[in-house]
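Using the working numbering, you'd call the opening residue of the sequence shown number -14 and step up by one each time.
Each hint should be verified, as a subset may be incorrect.
Unchecked claim - Subject to a maximum C-alpha distance of 25 angstroms in a straight line, what follows is the list of computed DSS-like cross-link-like pairs (lysine-lysine):
no., residue 1, residue 2
1, 113, 148
2, 492, 347
3, 344, 331
4, 76, 113
5, 373, 331
6, 69, 449
7, 312, 288
8, 312, 377
9, 148, 69
10, 347, 408
11, 312, 347
12, 331, 354
13, 344, 408
14, 288, 354
15, 69, 116
16, 470, 408
17, 344, 492
18, 449, 470
19, 312, 354
20, 331, 408
21, 354, 373
22, 76, 116
23, 331, 492
24, 331, 377
25, 408, 354
26, 470, 492
27, 408, 312
28, 449, 288
In case anyone wonders, no lab produced these hints; they're calculated from the structure.
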Amino acid sequence: LHEVMSDPKDVADGVAEMSLSQRKKMEKMKKIQEQKAAKQAAKAAAAAATPTQAGTKQANEVPALVLDTSLPPATEVRVVDVHKHTGQRVKVFAWVQYVRDQGSLVFLDLRDGSGAVPPVLQCVLTGKLAKTAEARQLLRETAVEIFGTVVSDERAPHGVELKADYWNVVGPSDPELEERFNESSHPDVLLDQRFLHIRSVRFSSILRLRSITTAAFREFFYSRDFSEVTPPTLVQTEASNVTDRSSAELRRVFQVEGGADLFTVNYFGEDAYLTQSSQLYLETVIPSLGNAFCIMPSYRAEKSRTRRHLSEFTHVEGEMAFYTFEKLLQFVEDMVVTVSQIVVDKAGPLLYSVNPDFKPPKGPFLRMKYSEAIAWLNEHNVPNEETKQPWKIGDGISEAPERHMNDEIGQPILLYGFPADQKPFYMSRADFDNNMTESVDLLMPGVGEIVGGSMREWDLQRLKDAYAAKNLDPTPYGWYNDLRKFGTCPHGGFGLGLERFLCWILKLDHIREVSLYPRFVGRCSP
């Protein structure tokens, strides 16, 4: 087991240690599963290596398959396009998803990953094609090359079937596959076998929807004349007059998100850090390119194993020039509404196969001030577990009460106007209350916060005042300060966690389900 940590069930955030008895139970369970899997794999391998006498005899009596060159030339096509070639001879490269051996007939379900909503092609092997040793021992995930004629068959998936006249194994599959894991396997087993687990119908659907959603965000930004940039993920302060680059003060330069810590890397003998956000660099771009966005990895060195945190995640960030807070709120709402609809339009059947209950949101979203949220929590007797006292202005609203409020209200909430002492130095103060900031979190039912944004402090003197209020030395911020000296303007931006957005539209309980290879405390492989 990785460390001695479990996902908290009753605590929405943080790390929970296992009891000794729970740890022993988990270790015992994993050991039993591994032993069982090893025995089953050995049994399956032995069975595959020693085919039945009848099967061996039958296979030996079938001569090797030979490609019939007298047939019309075959057109190589992808599975998604097979239906366009009804009545024609084609060649398909694919993986075997399922095998149904009916003696004289062998039915294969083939996939090659093509198409926004990937189809499965049914192929039938008949006659001697179904009697070879390869056909008798054909396993799931075998890579194959198949020639045949496309015929209409309303009983087949998507109304067509491939009647093979020749086939060949490109890459065999091992019988051990069936014993590596199942859906009830220990979570660590599933993560260890991630490279195989992602081939499952459900997992591949999630990954494809992730790809479609990422493209939908780009479509949204490009349609609004944003430029995409690729800021660095290795960051370092320019404080050349500070000798201790590993000091806590320098680490705070790129800590744009609360108390989350930074990953330190050795950068040619100096300390550098993996970025938590590309915001500061996006701010430098807008005088050059205008409104800009990026879709980049961000990192948080938090020892957290909750269902909504990762150490590495995909960050969708945007920065807009000559903006107002009202325009920022409207932009965030418009983005979520539009991107959701794009995904439905492009991959509705696939989306609804994962989450049949999804309904694209419609504006306007509910807007709620931080002070109104404090009042709501008190009115609905939601406890403040940190202070054990009634909620008051200045209290931080942690995930659990925030999620409770969001789920009870049951609609998207633009929660805005947080206290300045809870937010980073760069957020501008609110016109309605100088102790509050022009900041916003977008909360979605079932998931909680998926977007965080704010107007940036664009006046140099007020930015210096913010440093003083936070007890920060402005010196290490060098070029960030200089941005306010050369043509400054009101500007704002936001960051959206792609994985959280996906958890929302797919109604998934755990953020690791939408990450290709999730990274969190104790897990950095495969």
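Consistency of the hints with the structure:
1. Restraint check for residue 113 and residue 148: satisfied, since their Cα atoms lie roughly 13 angstroms apart, inside the 25 angstroms limit.
2. For the given pair, residue 492 sits about 18 angstroms from residue 347 by alpha-carbon distance, which is consistent with the 25 angstroms threshold.
3. Straight-line distance between C-alpha atoms of residue 344 and residue 331 comes to about 15 angstroms, which keeps the hinted pair within the 25 angstroms bound.
4. Restraint check for residue 76 and residue 113: the C-alpha separation of about 19 angstroms stays at or below 25 angstroms, so the hint holds.
5. A hinted pair counts as satisfied when its Cα atoms are at most 25 angstroms apart, and residue 373 with residue 331 does not qualify at roughly 48 angstroms.
6. Restraint check for residue 69 and residue 449: the C-alpha separation of about 65 angstroms exceeds 25 angstroms, so the hint is violated.
7. A distance of roughly 36 angstroms separates the Cα atoms of residue 312 and residue 288; the hinted pair therefore is violated under the 25 angstroms criterion.
8. For the hint pairing residue 312 with residue 377, the CA-to-CA distance comes to about 29 angstroms; that exceeds 25 angstroms, so the pair is violated.
9. At roughly 15 angstroms between alpha-carbon atoms, residue 148 and residue 69 fall within 25 angstroms of each other, so this suggested pair holds.
10. Proximity of residue 347 to residue 408 is assessed by CA-CA distance (about 29 angstroms); at most 25 angstroms being required, the pair is judged violated.
11. Between the alpha carbons of residue 312 and residue 347 the distance comes to roughly 17 angstroms, so the proposed pair stays at or under 25 angstroms and holds.
12. Distance restraint check for residue 331 and residue 354: the Cα-Cα separation of roughly 35 angstroms exceeds the 25 angstroms cut-off, and the hinted pair is therefore not satisfied.
13. Restraint check: the Cα-Cα separation between residue 344 and residue 408 comes to about 33 angstroms, which exceeds 25 angstroms; the hinted pair is violated.
14. Straight-line distance between C-alpha atoms of residue 288 and residue 354 comes to about 31 angstroms, which puts the hinted pair past the 25 angstroms bound.
15. Among the hinted pairs, residue 69 with residue 116 is inconsistent with the structure: their alpha-carbon atoms are about 30 angstroms apart, more than 25 angstroms.
16. The suggested pairing of residue 470 with residue 408 holds, with an alpha-carbon distance near 24 angstroms, which does not exceed 25 angstroms.
17. Taking the CA atoms of residue 344 and residue 492, the gap is about 11 angstroms. The hint holds against a cut of 25 angstroms.
18. In summary, the hint linking residue 449 to residue 470 is supported, as the alpha carbons are separated by about 12 angstroms, within the 25 angstroms threshold.
19. Pair hint residue 312 plus residue 354 holds up; C-alpha atoms about 16 angstroms apart against a cutoff of 25 angstroms.
20. Between the alpha carbons of residue 331 and residue 408 the distance comes to roughly 38 angstroms, so the proposed pair goes past 25 angstroms and is violated.
21. Simply put, residue 354 and residue 373 have alpha-carbon atoms about 23 angstroms apart, close enough for the 25 angstroms limit, and the pair holds.
22. Restraint check: the Cα-Cα separation between residue 76 and residue 116 comes to about 21 angstroms, which is no more than 25 angstroms; the hinted pair holds.
23. For the hint linking residue 331 to residue 492, the alpha-carbon distance of about 18 angstroms falls within 25 angstroms, and the restraint holds.
24. Taking the CA atoms of residue 331 and residue 377, the gap is near 46 angstroms; set against the 25 angstroms cutoff, the hint is violated.
25. In summary, the hint linking residue 408 to residue 354 is supported, as the alpha carbons are separated by about 15 angstroms, within the 25 angstroms threshold.
26. Distance restraint check for residue 470 and residue 492: the Cα-Cα separation of roughly 46 angstroms exceeds the 25 angstroms cut-off, and the hinted pair is therefore not satisfied.
27. Of the pairs offered as hints, the one joining residue 408 and residue 312 holds, with about 20 angstroms between alpha carbons and a cut-off of 25 angstroms not exceeded.
28. Among the hinted pairs, residue 449 with residue 288 is inconsistent with the structure: their alpha-carbon atoms are about 33 angstroms apart, more than 25 angstroms.
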